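From just these sequences and the hints, can you work out the full model?
Per this note's numbering, the sequence shown runs over residues 392 to 549.
Keep in mind that the hints are not guaranteed to be accurate.
To be verified - Taking lysine-lysine pairs in the DSS-like style, the calculated list, with each CA pair at most 30 Å apart, reads:
no., residue 1, residue 2
1, K524, K405
2, K418, K502
3, K524, K500
4, K520, K396
5, K472, K405
6, K472, K499
7, K442, K472
8, K471, K502
9, K396, K471
10, K485, K418
11, K442, K471
12, K500, K412
13, K412, K499
14, K485, K472
15, K412, K442
16, K479, K405
17, K485, K499
18, K471, K485
19, K502, K405
20, K499, K405
21, K500, K405
22, K479, K499
23, K524, K412
24, K520, K485
25, K412, K472
26, K499, K418
27, K396, K502
28, K442, K485
29, K500, K479
30, K520, K502
31, K471, K405
32, K442, K479
Said to hold, decoys possible - What follows is a list of derived Cβ distance ranges for each label pair:
no., residue 1, residue 2, range
33, R434, L413, 17 to 27 Å
34, W495, L413, 22 to 32 Å
35, G429, I484, 22 to 32 Å
36, H393, K472, 50 to 60 Å
37, G491, L413, 32 to 42 Å
38, D504, T448, 43 to 53 Å
39, V466, G441, 15 to 25 Å
40, P475, P453, 30 to 40 Å
Worth flagging that the hints you see were computed from the coordinates, not collected in a lab. The model shown is predicted, which means the values in this text are computed figures rather than measured ones. By construction, the Cβ of each residue, glycine as well, lies at the ideal position given by its N, Cα and C atoms.
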Amino acid sequence: MHITKNTVVTMTFKVTDAQGKLLEDGKEPRAYLHGGYGNTLPRVEAELEGKEAGFQTTLTLPPEDAFGPRDESLVTTMPKKDFPPGVKVGGEIKGYDASGHEQWFIVKKIKGDTVHLDGNHAYAGQTLKFALKVISVRAAIAEEIAHGHAHGAHGHHH
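Structure (structure tokens):
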């Protein structure tokens, strides 16, 4: 079966940065619903369009095709007294950006009475290399199409 709109693609992908540092090992297969649902990067989806199980490729994506450029307006601080208990450096908390929109922030450091947060994706601003291997392709079921994502072993669980 070829990868087209409304197929579920199960693949592995290894991600490295421009210097070759391993960011994701690619050992755990992941499934996504293909066809513009926002479940993977658009360049990855474009590369896989029309391919079949067994297809392998390596893509080098600049920040604008990966997780975007860094946005320094998403780097902020908060008083430690307002910080939720149990969250540590490297953890994520939900907050709001300068426009009042819900935003996830990574806790970068806790220094004195101040918590330093970064709302950028961890890979924002980086050129990334993706080594992709398609494991399987199947037709999506109606529920997956309605929900906009893959279900099952390597997809989303409800």
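Results of checking the hints against the structure:
| no. | hint | in the structure |
| --- | --- | --- |
| 1 | K524 / K405 | holds, 9 Å |
| 2 | K418 / K502 | violated, 36 Å |
| 3 | K524 / K500 | violated, 36 Å |
| 4 | K520 / K396 | holds, 25 Å |
| 5 | K472 / K405 | violated, 39 Å |
| 6 | K472 / K499 | holds, 17 Å |
| 7 | K442 / K472 | violated, 53 Å |
| 8 | K471 / K502 | holds, 9 Å |
| 9 | K396 / K471 | violated, 47 Å |
| 10 | K485 / K418 | holds, 29 Å |
| 11 | K442 / K471 | violated, 50 Å |
| 12 | K500 / K412 | holds, 23 Å |
| 13 | K412 / K499 | holds, 20 Å |
| 14 | K485 / K472 | holds, 16 Å |
| 15 | K412 / K442 | holds, 28 Å |
| 16 | K479 / K405 | holds, 27 Å |
| 17 | K485 / K499 | holds, 14 Å |
| 18 | K471 / K485 | holds, 15 Å |
| 19 | K502 / K405 | violated, 34 Å |
| 20 | K499 / K405 | holds, 25 Å |
| 21 | K500 / K405 | holds, 28 Å |
| 22 | K479 / K499 | holds, 9 Å |
| 23 | K524 / K412 | holds, 19 Å |
| 24 | K520 / K485 | holds, 29 Å |
| 25 | K412 / K472 | violated, 36 Å |
| 26 | K499 / K418 | holds, 27 Å |
| 27 | K396 / K502 | violated, 48 Å |
| 28 | K442 / K485 | violated, 38 Å |
| 29 | K500 / K479 | holds, 9 Å |
| 30 | K520 / K502 | violated, 34 Å |
| 31 | K471 / K405 | violated, 36 Å |
| 32 | K442 / K479 | violated, 42 Å |
| 33 | R434 / L413: 17 to 27 Å | holds, 20 Å |
| 34 | W495 / L413: 22 to 32 Å | holds, 24 Å |
| 35 | G429 / I484: 22 to 32 Å | holds, 23 Å |
| 36 | H393 / K472: 50 to 60 Å | holds, 56 Å |
| 37 | G491 / L413: 32 to 42 Å | holds, 37 Å |
| 38 | D504 / T448: 43 to 53 Å | holds, 49 Å |
| 39 | V466 / G441: 15 to 25 Å | violated, 40 Å |
| 40 | P475 / P453: 30 to 40 Å | holds, 35 Å |
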